[in-house]
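With chain H's structure known, arrange chain X on it following the hints.
Here's the letter readout for the chains.
Number of protein chains: 2
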Amino acid sequence: MAPVKVFGPARSRNVARVVLCLEEVGAEYEVVNIDMKAMEHKSPEHLARNPFGQIPAFQDGDLLLFESRAISKYILRKYKTDEVDMLREGNLKEAAMVDVWTEVDAHTYHPALSPVVYECIINPMMRGIPTNEKVVAESLEKLKKVLEVYEARLSNHKFLAGDFVSFADLNHFPYTFYFMATPHAVLFDSYPHVKAWWERIMARPAVQKIAASTAPPKA
Amino acid sequence: MAPVKVFGPARSRNVARVVLCLEEVGAEYEVVNIDMKAMEHKSPEHLARNPFGQIPAFQDGDLLLFESRAISKYILRKYKTDEVDMLREGNLKEAAMVDVWTEVDAHTYHPALSPVVYECIINPMMRGIPTNEKVVAESLEKLKKVLEVYEARLSNHKFLAGDFVSFADLNHFPYTFYFMATPHAVLFDSYPHVKAWWERIMARPAVQKIAASTAPPKA
Chain H
1 MAPVKVFGPA RSRNVARVVL CLEEVGAEYE VVNIDMKAME HKSPEHLARN
51 PFGQIPAFQD GDLLLFESRA ISKYILRKYK TDEVDMLREG NLKEAAMVDV
101 WTEVDAHTYH PALSPVVYEC IINPMMRGIP TNEKVVAESL EKLKKVLEVY
151 EARLSNHKFL AGDFVSFADL NHFPYTFYFM ATPHAVLFDS YPHVKAWWER
201 IMARPAVQKI AASTAPPKA
Chain X
1 MAPVKVFGPA RSRNVARVVL CLEEVGAEYE VVNIDMKAME HKSPEHLARN
51 PFGQIPAFQD GDLLLFESRA ISKYILRKYK TDEVDMLREG NLKEAAMVDV
101 WTEVDAHTYH PALSPVVYEC IINPMMRGIP TNEKVVAESL EKLKKVLEVY
151 EARLSNHKFL AGDFVSFADL NHFPYTFYFM ATPHAVLFDS YPHVKAWWER
201 IMARPAVQKI AASTAPPKA
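Chains as they are written, first to last, in this note's numbering: chain H, 1 to 219; chain X, 1 to 219.
Just chain H, with the same shape it has in the complex (with noise of 0.2 Å):
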């Protein structure tokens, strides 16, 4: 059978969550490229897989998903097994807490960290807009009262939902790899909880994979 299909650039954040989640469950797959600078996103093609023209979407077969949290839990249930198992929609309580932690990664850690992974990275490195230091400094403001909060749970916790990794602890790996990219990777010392836990998502074989082949563009 044809493999199911990742479109977008491999590089972009929100396509290394889809297929971090592919290598994690093990899933063979193709990542067909989507070139943003000939507005391949805007295309009839690509309009028919996300309405809305953003990238990643995702084919398997007859059928066609957008939205990467969307698109990665499809995956987590499809290939789901007794070993990878990283929604555990089957206990009521676990399922709860990814998808609070989840949740947090996007509505709280996401918005805290991602500012200085645009200023710093993707947009003096991959788009020639200078760093506004601004933006970084209240980000970072922000960002240190929520590892406060990860660093209270992850001292109770080996994982955000428990003591077993799951879909909200993959879903902090795109940006906060490009964040410890940036000068102020330091941050995390003052968390040694945290440091930990970022640790041992790094040790990840299928992270491993991803960090080596999305590596973040160099200065």
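Just so you know, these hints were derived from the structure itself, not from any lab.
Among the clues, some could well be false.
Any copy, or any two copies together, can satisfy a pair, since identical chains are not distinguished.
Unchecked claim - Below, simulated BS3-like cross-link-like pairs (lysine-lysine); rule was C-alpha separation at most 27 Å, straight line:
1) K37 x K144
2) K78 x K144
3) K5 x K78
4) K37 x K145
5) K195 x K145
6) K134 x K144
7) K144 x K80
8) K80 x K93
9) K158 x K37
10) K145 x K42
11) K78 x K93
12) K80 x K142
Frame of chain H, contents of chain X only:
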């Protein structure tokens, strides 16, 4: 058994999301008010429920949850029946479409529509802050583009995820209900399939009950 508890002001739109799910599944519940002006959401009692000090929070026995979408999914899973199955997690493709349109609400529809609600209702009527008409105008332009995509989707499907009502639809209720109390509600008249979908949502007994108990303030 003691009913489950929702912590937060009933009128809060994110509290309404959770309470609507409780009504849809017919669960017994209690809403415990949190006095935001008295900073009760930053009290030690509430921080034990949600370390970020936000509302809503939720209690079911010894399980404490926060993040309204995560709480809602817990409720929809716990009280799922053959008749009321809003997440469709037993069906890979249906669950994926519920997830896609739930993410579209969170990352595309809500960011376009909610500023109009804040600027026209929440800020002027509940916080004494005047409406910023520039923000309103910019948000309406974004919202039009989103509603064009919704119009195409809903001309082929009765509800967002398919021909079944789901969590994806329910998620649109809290803020759209308040939007419909702004002078910009007429915008929906230009999108007849969206308008008909909204009327299908509003006709649901659970929605009518929450609409009646959390009506927006009047100018």
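Which of the numbered hints above does this structure break? 2, 7, 9 and 12
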